[in-house]
Every structure is written in structure tokens, then in C-alpha cells.
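Taken in sequence, the protein lines are chains A and B. Going by my numbering, the first sequence opens with residue 1, and the numbers climb by one from there. Going by my numbering, the second sequence opens with residue 1, and the numbers climb by one from there.
Keep in mind that the hints were calculated from the coordinates and are not lab data. Take these hints with a grain of salt, some might be off.
Just a sample of chain B residues kept apart from chain A, beta carbon distances all over 12 Å, derived [as the list claims (entries may be wrong)]:
hint : residue
1    : Glu77
2    : Arg337
3    : Ala373
So, partial list: chain B residues that the calculated Cβ filter (under 8 Å) puts toward chain A [what the hints assert, rightly or not]:
hint : residue
4    : Gly263
5    : Glu266
6    : Pro275
7    : Leu374
8    : Leu375
9    : Phe382
10   : Thr408
11   : Pro409
12   : Thr472
13   : Ile475
Computed footprint of chain B on chain A, listed as stretches where at least three residues anywhere in the stretch have a Cβ under 8 Å from a Cβ of chain B [said to hold, decoys possible]:
hint : region
14   : 45-53
15   : 76-86
16   : 132-141
Since this is a predicted model, take the numbers as computed values, not measurements. Where a beta carbon is used, it is the ideal one built from N, C-alpha and C, also for glycine.
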Amino acid sequence: MPEDPNVHPHWAAETKQIAAHLDELDYFQVLGARHDAPFPELKAKYHQLQRNYHPDSFFTSPDDDLRRAVTAIAKRVAEAYVILKDAEKRAKYVKDITGPERAKKLRYTDESAREQRIEKEQQLGKTPQGRQLWLKAQDSVKKGDLAAAVRDLKTALIFERDNDLFKAKLAELETQLKGG
Amino acid sequence: MGIDLGTSYSCVAIIEDGVPTVIPNEWGERTHASVVSFMDDGRVLVGNDAKKQIITNPENTVYSAKRLVGRFFFSEEVRKARSVVPYNLVEGPNNSVRIQIRNQLYSPPEVSAIVLKEMRQIVENHTGATVTKAVITVPAYFNDNQRQATKDAGKIAGLDVLRIINEPTAAALTYGFGQGYHQRVALYDLGGGTFDISILDIGDDVFEVISTAGDTYLGGDDFDDRIMHWLADSFQQQQNVDLRQDKYALQKLKEAAEKAKIGLSEHEVVQIHIPLIYTDEAGYSLDFSTTLSRAEFNQMVMDLVQRTFKVCDEALQSARITASDIDCVILVGGPTRLPILRSSVRHYFQKQPLTDVDPDEVVAMGAAIQAHALLDSQQSTFLLDVTPLTLRLGTVGGYTERIIEKNTPIPIDRTRSFTTASDHQERVKIRIYQGESNMADDNVLLGEFEFSGFRVAPRGEVTIEVTFEIDTDGIVNVSARDVETGAQASTTINLSSGLSDYEVAEAMARNDELMVSNR
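Extracted from the complex, chain B is given alone in its bound form (with noise of 0.2 Å):
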């Protein structure tokens, strides 16, 4: 099966007779929430019925995890999160992300896992056999940190994880799919969460990604806040009341402007009206109405437009092509359903995009290919991907060297040789990051490794060579060998975001243990 696994919404596709085929749930819903709600009574409610419960169970209902897979608790995401969410966030071991329900501790994975366990039931009763192998995605910007995550979200839902791919490159493959196109294709994905573009040559039986370029802090979510916050002023200079202090009141915002955002996609004006969103001193409570036009709200999201229109000319400048080299524009992710977002994106490549399959199933259904793919060993075409980031070593003075430049097809690997430093040396240290800039301080650290069990000799004598390499998923290995001798040196990994193999089984006993339940 291949997953869509998304920061509002998830989607999941099997190959039914040879087909890419989106499966919807028992209620014929085609995506699903990735909201998880921890109920009193000890249930856990998954999907669209979860969503519902971020008014009524704030605190122990979690959306947008997808936000916090793989960051470390002090990133300005995790701090931007902090102050919106109403659930509570604390700080983990090594520096990682915890979500406290009750008196629980889960790691951001860990409720990742429940969706995608939830997207595998719906597969499962659909087809009444067991699936576990699954492709998932990811958008293509993400490091090697929420890669990591993403994969050990799977392991935690009992997935065999085949593969992790690229979210717009999931998606050319549902175009490529059996329609012989060869031309350069741009796929403009905006999702909730993050945003990414990436080109493609494509040609009979080959998908090359050329560049990619993306923001994980762009996404749907930020033109519903921008709602939210005109709502919110609006209600402030009709009522004198800042409903931005009462989270309550902000979550009806939030749904409300999601609501209107939609609606606008359709209608030139929306009506927006939130029944007692507020209650005065006198228990007095207050109804919300106004309305929104298509117009105000272009104003209110043309810069969010423009930014990403300042990553596509970065992708387009790795490329070294220009817009009007694009042969195709591919249109991923529902928020670029949305008016403003087509004309612009047909003004800028000067092309009208195409939309030929739902923007919010368009993933999934390449997720599903790709994983048919790999376990037929007869398949037809194959995927070039490349590396989203600039792969670096830390060095002195809190600098970094390039180690494997962005936009690097994979698999590759690259070797450096280390001499000791000091006589009797028994360990290397090292420092991964990735990231586009020479300061260590500005780029995501990944790991700090260590190796030991090399020759004991005067400084110098031992030259170490260290090989790093980057696998089919974009996820970062590191390796290393006394030269001479050309023994295997051992290798740790200290202070990572990741999860430990303990951490990753006692999240799977707890989630076997769930009562996820059915409405």
C-alpha cells in the first residue's frame, strides 16, 4: 500500500487490477484527519471523528504532529507549536519532543503510528488480508532527522516499511503512469504543512528529479491562521474582546477560517458564522458572523503566495533552466485548489497547470505505485531522486565543510579520510549536519558519531576513512575503516532526535495496547 502520510490530512492507495486505487474508509471518506484523540474513557479516536474532538478534548487531542516528526525541542517550529496547540508539549531525552497526554508521554512518531495504523486498518478492511508492506511519504525537503522519524513511525504501527519517497515525486509518478510523457515537469506542492517544488525530467521508463527546493514552515495552516487572525481582529473591533487569549474560542477560529478557506475555492464570498464563540461576565453569549471575499483574502496570503514562488526560482536556478523551459505544471496538495494559488502559478510558468487527479489523492496513489513497483521485480520504470540538502561535516570554530552537495541523485556515498590527532587516540569524533550554510549553528544537526576500535598508535599513524552515504530514502548512513588494516571501526551515534531501538519497541507494545476505536 502506499500512504500519504500528511500534516492535516492522510490518504492511502493499494494497485487493485493494476489500477492505483484510492481506498476509503467504511464511511466512504477518501482522506482522513491525521488528528488522534485520547479519550477519557481510555479510547482513541482516529481521523475525522478525532478532528471534531479539538474543541471539545483540546488537551488530549493531537493534530499536525507531522509539525514536530523528527525536530528537537528547542527549533522555532516546536516553539511556534507550543504557543498555538492546546495540548502540551515537553521536553524529552536529547533534546527531543514529547507530547504529555494525562500522564503519558508520547513521542511524536509514536502518534504518527496511530494514523498510519488507522490508513492500514482501512486497507485491511477493504481487502480482508493482512497488509503490512508500505510505502510512505514524505515532502521532499524534509532532513535526514524527519526521515528517520517518518520511518520509525512504521516500524512503531507494525508496517514492513518498504520505501520512503518524495511526496511531488510520488505524485509524477501517478501522472507518468503508463501516458509516455517525456518533457521537463515542475510539481508544485503545497500541503498543509510544508511546501516543496521539485523538476522532473521524465521520459519513457525514467523519472530523474533534477532539483528540489521546498519550506517546511509553509503550508496550508499558515493561510487558515491568516483567517483566524483577521477573525479574530474583526471580533475585537466589533466586541472590544481579543479572542487569541482563550484557545477554546481560537480553535473555533481556526475551523471556521479552514471552512472559509475552502469555500472560497468555490464562491466568490463566504458567510461566516460561529454560534457562541464567546461569553461575557453577565454569561451572556455571543454568536460570531461576518464574511469573507475572495479578494480580501487574496490580500491577506499574497505574500505567503510569493514565497513560494521565491523557492521555485531556487529549484529552477539548481536546474539551471528557467520557468519557460517548463514543459508541464502538476498541481499537488488541496490547498492549491485554491483561485489565487492556480493563476498564479499559471502566471508565473506562463502555463496552464494540470489537475487531471485530486491534488489531495494524487500522493497516495504514487505511494501505492511505487510500492508495486519495487516488489515486482519486472516493473517498468524507475525513480532518480536526489538529496534535498547539503550534506556537512562540523570542523573547528563552528564551521562546516560540504560533504555531499544538494540535489545529488541517490544512493551515493562519498569517503573522507581522518588522521588522529593525538597519540594513543581511541575514539573520532564527528559532527553531521545538513543544511545550505558554512556556520554549523545555522544547519540541522543529524548526529554527533563516534568511532572506536581502530589501531592505538602515536598521532598521525591512523588514517580513519569515514563513508558517508545517502540511501534510496534520503536517509544518512555513516561508516568507517582503519585504512591500513582495513578493519571496520565501530560506530555510535550520540545526541540524535531519533528514537532508540528500546524507545521504537515500547512504543510498539503501547500501541498494540490501544483501543482505537470505531465511532
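So that you can see chain A by itself, here it is in the shape it has in the complex (with noise of 0.2 Å):
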């Protein structure tokens, strides 16, 4: 393979390293940010990583092999900007990967995205009247009343039956009530 002669060797075989163990990262790994970095240290980290690898650079290169690692780290570098520009994507992702499954779940899926729509419309209610149950429960809930919250949650799961947040909620208050 013809070495590249405007870039230095060490850095060209780190470059094929960091592009062969790629899918052994996170995308804050990726980006060498820290899980909680502000969004314009990830634009800037994006940028200046861009900067580095963009196969624009590296066009001309007789180094097959470095151009396809530039592009594979490129194109890694895109997909966790893509991602953790998203609010709630970057949320649902870190705990993906902070939690027990963190080794399948380095990359984004379809099935973290189908995993975060169901969240989400849990956290709401899946139907017009659990959503405004699981409300009117949380009203009762800050006046006091948590037999009403109870009773509420209870006509809510009858809507949605497997709403796990609905049923924590009331498993929630109904301790409460027996311990009150």
C-alpha cells in the first residue's frame, strides 16, 4: 500500500486503529465529550473532528486503506452529532448506555427508537383519556386528595392497560394510603 506522503505515518496507522475498534465506542467517546457536555462543545468537538478526518482531505491520498478509515471515522462523527443533538435522544441514549445493556446499545437503533417512542407515550398516556387521567391524577395528587388520584389512575389502566408508569403511580399512592 503506497503511504500517503502529506501525512505522518503515526498518524496514519492510529487513524486505521481508531476506525477497525470504532464500534467499541460511544458517540461521547466518539466526540471525546463528557456525557454531560453543553451543545456547542459537541458542534465544536463535531467541527474540529471533521476538520481531521473529512475524506475531502485525504481525496488525492494513495492510501486506500486511510481513506476508507477517514471516511468510516467520519461518518461515526456525523451519526453521534445527529444523535446527540436530538434532546431526547441524547437522553434516552445515555441511559442506554449507562445502563446494563451498554455493550448492544453503542449505537443508536431502530429499536432505541422504537424503545423511546414507547417511553414516551407512556409518560403521557397512549389515549386522549389516559392522558388526561394520568393529569387530573397528578392534580389530586398536589391537593391532597390521593384517594381521588387512586381512583383516577385506576379508571386510567383501564384505557391502557399495560402503562407501566400508570401502575408504579398507583402502586405508589396506594402505599401511601395504607401507610397514612
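Mind assembling these two chains? They're in different frames, but the hints should get you there.
Below is the structure:
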């Protein structure tokens, strides 16, 4: 393989190494940022990495492997940026990679998107009645009327039998009622 | 070199002494009609001379080929073209479009290739050296089929196509070149046949496209059409004759309409005079004279202008910003010279738009900058563009699922797993679409891909991982592998609007034989 005279051989070797191990990195590691890095910092990192690895800069490189490596890195950097740019996806992703299934969830997949949608639906309720009753129950809790809140949640569960969030809240309130 | 291959006009630029420079032809013309005329004596005319043949040699003179490039024969655009263009359009293999000139069929990229070759000739005449490496621009909203077809056109013309880049992005490169902008810029690009809006964050050395939106059915031609129909209506009122029934007269009206439109950029009122437009039964020829004021014209095209702002709304929404967040607006494309457009853009963005660089030349200059940057590894700026349309996978019941969302930076890839559905299955077929609808039929079909060469086993045992990649040209590549063995599956593309390698080779041979004439 002919070497690229415009890049340092160490840098070329290192870049190929990074590309070979991309699948072991999470998006924050790819961008070199902390989990709580603010968006402007992510954007700056994204620009800096593209500055280093953008395939356009290696367009005439005689080293095919190096061109493949920078393209792979540039693509993953873009992917990381796109997912972390979206606040909802980012929250779900952080949960995924700090959870027990980290190894499987280093890339945000269709499965992640589906799970995120389900979580969101559960938070708000999937049905108009469920949503309304959920809000009403929260209102009752604020007013201190736990019995009313329990009634609302039980009714909500008629509309959404599988809503884990409703179930958890109901269990919590029932324990409180017994205790009180 | 950088080539702006436009619907109506094309332009070519190179970097000379570090400065992007538009190259004029021998007659000093800086933009060239994207028209090809096949003469009776076998000569082929290209550019502004060919344009004059639209009236005298209508069946054999091809204009607006870009509107047909990468389209299916039964698409809306091709149907519309068939009703207005005087040359003959026929159906080719795989629902493609062919242009029939006498006994010869040409694909739309083949005609575009003749224009590209002329651009190359202009540069070679100027530099005295062979030039083959080119960056060609396309509307940002072009889909994969249209980008592929443009690349094919370059190949047929014998060019080494370094890159396909988006017209508004190219324009941004020209403006950003050495000026040290540090802001959020909107590129409002109204060309002959298409409208694009792109929003970019420009830093010291980075051009990041945040969002792009467009309408590939809206351009300066539509403004001409409005005047043309207005002229036909006026003539009908005066003489009780509908000139629209006569393709020859219609071409004359169209020519007069374009001239009137350009005139209105400078004057409040224009005189329109078309000699000998109609010959009555008695053999008596009639001239047609009328006047058109700017106010009348503005009223005719107001809805077209409004349509561009609907597209702008979409782009701003995608970028999650409002018009007031834009630091500067750049106008691109000849029609943006119209006062009605300038004032509407100023009103929409609440900012005086920039027009420092000729809107007809700014795209070709940007393409030249990009060509230079690609070939010079010491380049100082880099471009982060996005895909304009959502990439989709066909599912059961005529629905689709999103794979890569619009406005995702490119290059990018995404992997999906498929398991075999029946015992001893040998092939997996998928259909890929681009567009914003969940319904397959409302999107553009890019192709049907078939994978084979993986293990043959009971159903559900074989998992195939399919990778969808959008490359730096915005072109979609699909590959697949057997997850367990890691073996690459072979991919065949059925059903695609593109030209086969054989067709490209054939077209290249024909292109080499053409007698392109210099007047």
C-alpha cells in the first residue's frame, strides 16, 4: 500500500486503528466529550473531528486504507452528532449506555427509537382518556386527595392496561394511603 | 473545473492564480443556454446558437433536459414536459425517458453530456491544455436518481467527476471564500427549473449545512410560462385565435416572455413585439404587440413567489430557527434579479439580501473552489453537507419505514438486520425510496435491491445485515453481509432509473462521434 506523503505515518497508523475499533466506542467517546457536555461543545468537537478526518481532505491520498478509515470515522462522528443533537434521543442514549445493555447499545438503533417512542407514550398516556386521567391524578395528588388520584389512575389503567408508569404511580399512592 | 449545469443556462469556472474565474467562450459569452440542436446535415449545435434553433428546428432541438434527468417516464414532470416541448419523448427501458431525434434515441444524461462537453471545450480553448477533472453542481433537492444521472452525464462527456455538489452550497463557498464570515447564512436559489433554500453555519474554515429544502418543479421557467399564457390570452382576445394550439407560435411567445421578464428587472414597463406570429386562412401574417408593466407581472407571479417562502418556512423549521436568526441572505440564480423577488426576500428575512457576486455565475465559481480543494490536500476549508430527502425502506402493504432522515449530515451510514422468512430462501429483496411520505407510492423509488450468496438454511436462521450509505455526492449505496459468516452478499439492482454500464459506454461512443460545430 503506498503511503500518503502528506500525513505522518504514525498518524495514519493511529487513524486506521481508531477506525478498526469504532464499534467499541460510544458516541461521547467518539466525539471526545463528557456525557453532560453542552451542545455548543459537541458542535465544536464535531467540527474539529471533521477538520481532521473529513474524506475531502484525503481525496487524492494514494493510501486506500487510510481513505477508508477516515471515511468510516467521519461517518461515525456525523452519526454521533446527529443523535446527540436531539435532546430526547440524547437522554435515551445516555440511559442506554449507562445501563446494563451498554455493549449492545453503543449505536442508536431502530430498537432504541422504538423504545424511546414507547417510553414517551407511556409518560403522557397513549389514549386521550389515559392522558387526561393521568393529569387529573397528578392534580389530585397536589391537592392532597390521594383517594381521588387512586381512582383516576385505576380508571386510566382501564384504557391503558400495559402502562407501567400508571401502574408504578398507583402502587406508590396505594402504599402511601395504607401507611397514612 | 467547476460546472454549473443548469436547466436553462450553464456556466463553467476554474481557479486562476488562486481566484475563481468564470471562463467565457470565444464570443465572450459567460453563460451558455443548456440547449442542444441536432441539425439536418449531421452537425450538432450547443449553447446560445442552439437556442436560436428552438423556433426554426423545434423537433430536433432539446432544451430543459435537466427536467427529465433521472425521472421515470410516467412521472408528473415528464408528463408535463411531453405536453409542452416540441421534441419527441418516448419510453425507454425500465420506465426511463428517451428523447427521439429522427431515428436516434438519446437518454437525457446523454444530452446533458453534450452540454458538459461544450463547457470542457470552453475551458480547454482558454487554457490550451486538456482538462477532465470536474465538480458538477445539482439542485440541493435532487434525489439519488437525479444525482446518479448527472454523474452518468459527466462520464459520457469523458469527464472525471470528482464530486457532485449542491448548488446553494457551492454558492456559499464562493461568498465565504477568504472573507472570514462567522454567521448563519440562508442561500435563496431560484434557477431556471428548480428552487432551493439552504441554511448554513459558516465558521472560519467550516461550511456546515444545517438544513435544506426545495421544490424541483419551480423555477424561472414557470415565471416565463405565466407571461406566455398571458400573451396567448391577450392575443386570443384581440384576434380570437388560440396560439397555444400551434407549437411554433408558442415557442415564439415563450421566447418573448423570457425577454420581457428580463426587461422588467430594469424597466417599469416593457414593449413586447412579436413579428409574424400568426398566418390566417387568407395567408395574411399578423404581428403581435403589447406592453407589460411590472405591477401586472408581479400580480401574475405572486403565488409562485409565495411558494418559495413556504419552502423557506420548511427549511427554517427543520433547522429549528426563525427568519430573524439568519445573519445574511444570499441570492443565487438569474430569476433572483427580479425586483419582486428581491423585495419579497428582503421582507421575509427582514434583511437586505447580498448580491455581490453575479447570481448566474456564483454556483460555477463555488464548484471550481471545491474542485481545487479536493485536488489540493492542503485545502483550508471543508464542507459538511446534508441529505435533502428521507431515505426509506419499503415494507408490507405499500408502506415505508425511515432509514436515514432528511437533513442528516453526509457521508453517513445505517445498518439494518433482516432475517429470512422462508425455508431455504436464497434471495432477499428490498425496495428503497426517497421522500417524506409513509406511503411508498408518494415517494420516489430509487431501486429494488436483491441480495444472494448467503447461507441457505431454515427460515429465521440467516440474518443479513444491510448497510445503507449516503456518500459525499449524496448518492445512496447499499451493501449486505451474512452476520454469522461475515460473507459479503452480492447485490443486484433491478428497477432503477439509471443507465447500465453498457448504455453509458454506448452513449460515450456516440458522444465521441458527434460533430459539434462552432457556428
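So, going through the hints one by one against the coordinates:
For glutamate 77 of chain B, the shortest C-beta to C-beta distance to chain A comes to about 31 Å, beyond the 12 Å cut-off, and the non-interface label holds. With a minimum CB-CB distance of about 32 Å to chain A, arginine 337 of chain B clears the 12 Å threshold, and the non-interface call stands. The non-interface label for alanine 373 of chain B is inconsistent with chain A: the shortest C-beta to C-beta separation is roughly 7 Å, within 12 Å. The interface hint given for glycine 263 of chain B is broken, as the beta carbon of that residue sits about 42 Å from the closest beta carbon of chain A, more than 8 Å.
Annotation: interface hint on glutamate 266 of chain B violated; nearest CB of chain A at approximately 41 Å, more than 8 Å. Given the 8 Å rule on beta carbons, the hint for proline 275 of chain B is violated: about 53 Å separates it from the nearest Cβ of chain A. Because the beta carbon of leucine 374 of chain B sits about 4 Å from the nearest beta carbon in chain A, less than 8 Å, this interface hint is met. Among the interface hints, the one on leucine 375 of chain B holds; its C-beta lies about 6 Å from the nearest C-beta in chain A, closer than the 8 Å criterion.
The beta carbon of phenylalanine 382 of chain B comes within 5 Å of a beta carbon in chain A, closer than 8 Å, and the hint placing it at the interface holds. Proximity of threonine 408 of chain B to chain A holds as hinted, the smallest CB-CB distance being about 6 Å (cut-off 8 Å). Checking proline 409 of chain B against chain A: minimum C-beta separation of about 4 Å stays under 8 Å; hint holds. A least Cβ separation of about 6 Å between threonine 472 of chain B and chain A falls short of the 8 Å threshold, and the interface hint therefore holds.
With 8 Å as the threshold, the beta carbon of isoleucine 475 of chain B stays out of range of chain A, its nearest partner Cβ sitting at about 14 Å, so the hint is violated. Evaluation of the coverage hint for the region 45-53 of chain A: fulfilled, as 3 residues show C-beta separations to chain B shorter than 8 Å, against a requirement of three. Remark: the region 76-86 of chain A is confirmed as covered by chain B, as 4 of its residues place a Cβ nearer than 8 Å to a Cβ of that chain, reaching the required three. Residues of the region 132-141 of chain A with a Cβ under 8 Å from some Cβ of chain B number 0, which does not satisfy the need for three, so the listed coverage is violated.
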